[in-house]
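> Here is what each chain is made of, one letter per residue.
2 protein chains.
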Amino acid sequence: MSKETITNIKIEKASTSKINEVDFSNLAFGNVFTDHMFVCDYENGAWQEPQITPYQKISLDPSARVFHYGQAVFEGMKAYKDEQDDIWLFRPKENFERINKSAARLAMPEFPEDFFFEGLNTLLKLEKDWIKKGFGNSLYIRPFVIATESGVSASPANKYKFMIICSPAQSYYGGEVRVKIADHYSRAASGGFGFAKAAGNYAGQFYPTSIANKEGFQQIIWTDANTHEYLEEAGTMNIFFRIGDKLITCPISDRILDGVTRKSVIAMAKDLDIDVDIRPIKVTEVIEAANNGSLKEIFGSGTAAVINPIAGFGFKGDTWELPKIENSFASKIKQAIMDIQYNISEDKFGWRVKV
Amino acid sequence: MSKETITNIKIEKASTSKINEVDFSNLAFGNVFTDHMFVCDYENGAWQEPQITPYQKISLDPSARVFHYGQAVFEGMKAYKDEQDDIWLFRPKENFERINKSAARLAMPEFPEDFFFEGLNTLLKLEKDWIKKGFGNSLYIRPFVIATESGVSASPANKYKFMIICSPAQSYYGGEVRVKIADHYSRAASGGFGFAKAAGNYAGQFYPTSIANKEGFQQIIWTDANTHEYLEEAGTMNIFFRIGDKLITCPISDRILDGVTRKSVIAMAKDLDIDVDIRPIKVTEVIEAANNGSLKEIFGSGTAAVINPIAGFGFKGDTWELPKIENSFASKIKQAIMDIQYNISEDKFGWRVKV
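Read top to bottom, the protein sequences are chains A and B.
Here my numbering is used: position 297 in the first sequence is 278, and no number is missing along the way.
Here my numbering is used: position 321 in the second sequence is 302, and no number is missing along the way.
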């Protein structure tokens, strides 16, 4: 990062590393964590001395706000290692800015930019051996903030903990993904906080998703809570539709996450001379396009998989299968974005940032 | 409780009590906790041996689901001591059933009834000195369940912790309460989980409430997220309007908490020969009634205060003051419910349950 070091991070190194116990060729997402973590506490109206410590459990009063009122926000980002052993981040400032937008909507204090980037860079340098070379390998980074103050009064806490934990990740093929388009349950309200990466946006999706799973769908595409007529997002992914040669995605709103990968997909698609239309998209339009053969692709975008192609979808009991096509927009855009992430191609957008 | 003891609660008593350090005449809500807590862990598909231990911190992996995805539900209930030193609960089965409804909506396992009531009763008997006699004094009881499994995969956890913690409470007058009727921000989506006492329903209210606070309002009355035309609930209270001699409250829905106090207010009002109308109620109807003088009372209902009278309200920049009236519905209903809670009056509803 270009900023000067103005903080003083206290570092306590782990006495031994767990790295040799980890099978890097067989990683489940987000299950194994590296040797260290970054921690910074907020109290008395200010963020206190940031620390890097061995990865360890945290101890909280049972009445801590996060357990009762969901005052918690997070981010998801990745670090990549190129063939020269250099480590890269992808648009990290977007994540930094978004965690503070999420925090503000939940009445939580913003985290300082210098603390964020120095903490992140120092931690990544310490964990560099956990980032494996090879296209698809990465280190998943989870910054998060939780309300730690004791007491069950339903009001914003005065104490918080900002942490960064890291988990090695590999590229994997999760099988064909079919999605259910929501016709009853909803993810977010207008005027709510669906745009935020807030803890409260996730647990509510688990039960509707478990119903969809039993019906043979892996995920849900959420629709607007009012009419269920408009396609919004998939809960952990933004969603794109290719009708003919046009790529369509809905505009962001207070119900929809402003995805970093979503933005990157839009920019990259335009750069690849793909016609991108950002506008509300109706369920009926997608069904009609599926019926007349003009629906070529659906895919989700997110940090975990970059782009996740959808093989079929269901709505109100009916199902549609998508054609298998060569040279899909999904594969072209994914490749181009990953080439930037892994320092394989030139980065004319300035997205890649060296650690 | 009438159920037979079929569980075996392991009890570890605190070596010393904190009770003499507590000023029971000067209690802030939910800040001081008793000497013990009830804990039961869920793993391997089953609730494990329930325990009562000294009140203490809990230790969790930083990747525990509750910190990231808000998979957490809770209840609020109270225990009361009568003049004969007997301890009473108020409609506890309602809380038991509701925590399991909340849990089901968040894809969490249901908690067994016998564990719940034996845990609660055993804990309350152990903490009986913390429940002070005197009208208005009580022990606030907070059962809650949190997802404790490690790993940041956005899916339901396989490990949970059910706990009950208790905090002594006293009757207090929090000053006149004025409420802002929401015209932009929202609490819950249709098809969401607003009806559940889920962690994710609370933190999202803090920021809009902080704006309302600056405008001179203590709380918000939430309206429907779609049109902001219909009055719904106040976030920690259900809401009642008296127009002329009719008491009006909106029906429950998937956006609105099925409050135990709400139900009790409705039943008690009918018993007091008050005409109760359960129907959608428009903001415009309340404003019109305020303007023509027929709006006599607004009050909230909830476990904390039973009934909380509202002195005035604001909507889109305008404000209205309510008349100060004698023999209000609020005070009559509150007195009648509290007389049952404190074993002062006959309980023809069968609401009072002895510990």
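One thing to keep in mind: the hints can contain errors.
Identical copies go unnamed one by one, so any copy, or any two together, can satisfy a pair.
Stated by the list, open to error - Under the rule of at most 27 Å between Cα atoms (straight-line distance), these lysine-lysine pairs were calculated in the DSS-like manner:
| no. | residue 1 | residue 2 |
| --- | --- | --- |
| 1 | Lys195 | Lys140 |
| 2 | Lys113 | Lys305 |
| 3 | Lys38 | Lys(-9) |
| 4 | Lys38 | Lys140 |
| 5 | Lys244 | Lys305 |
| 6 | Lys114 | Lys140 |
| 7 | Lys313 | Lys297 |
| 8 | Lys82 | Lys113 |
| 9 | Lys38 | Lys(-6) |
| 10 | Lys114 | Lys297 |
| 11 | Lys227 | Lys114 |
| 12 | Lys113 | Lys227 |
| 13 | Lys114 | Lys263 |
| 14 | Lys113 | Lys277 |
| 15 | Lys335 | Lys38 |
| 16 | Lys251 | Lys(-9) |
| 17 | Lys297 | Lys195 |
| 18 | Lys140 | Lys305 |
| 19 | Lys297 | Lys74 |
| 20 | Lys140 | Lys(-6) |
| 21 | Lys106 | Lys74 |
| 22 | Lys244 | Lys140 |
| 23 | Lys329 | Lys305 |
| 24 | Lys251 | Lys114 |
Please keep in mind that the hints were generated in silico from the structure rather than gathered at the bench.
Everything numeric in this text was worked out from a predicted model, so none of it was measured.
> Identify every previously stated hint that the structure contradicts and give their numbers, smallest first.
2, 6, 7, 8, 10, 11, 12, 13, 14, 15, 16, 18, 19, 22, 23, 24
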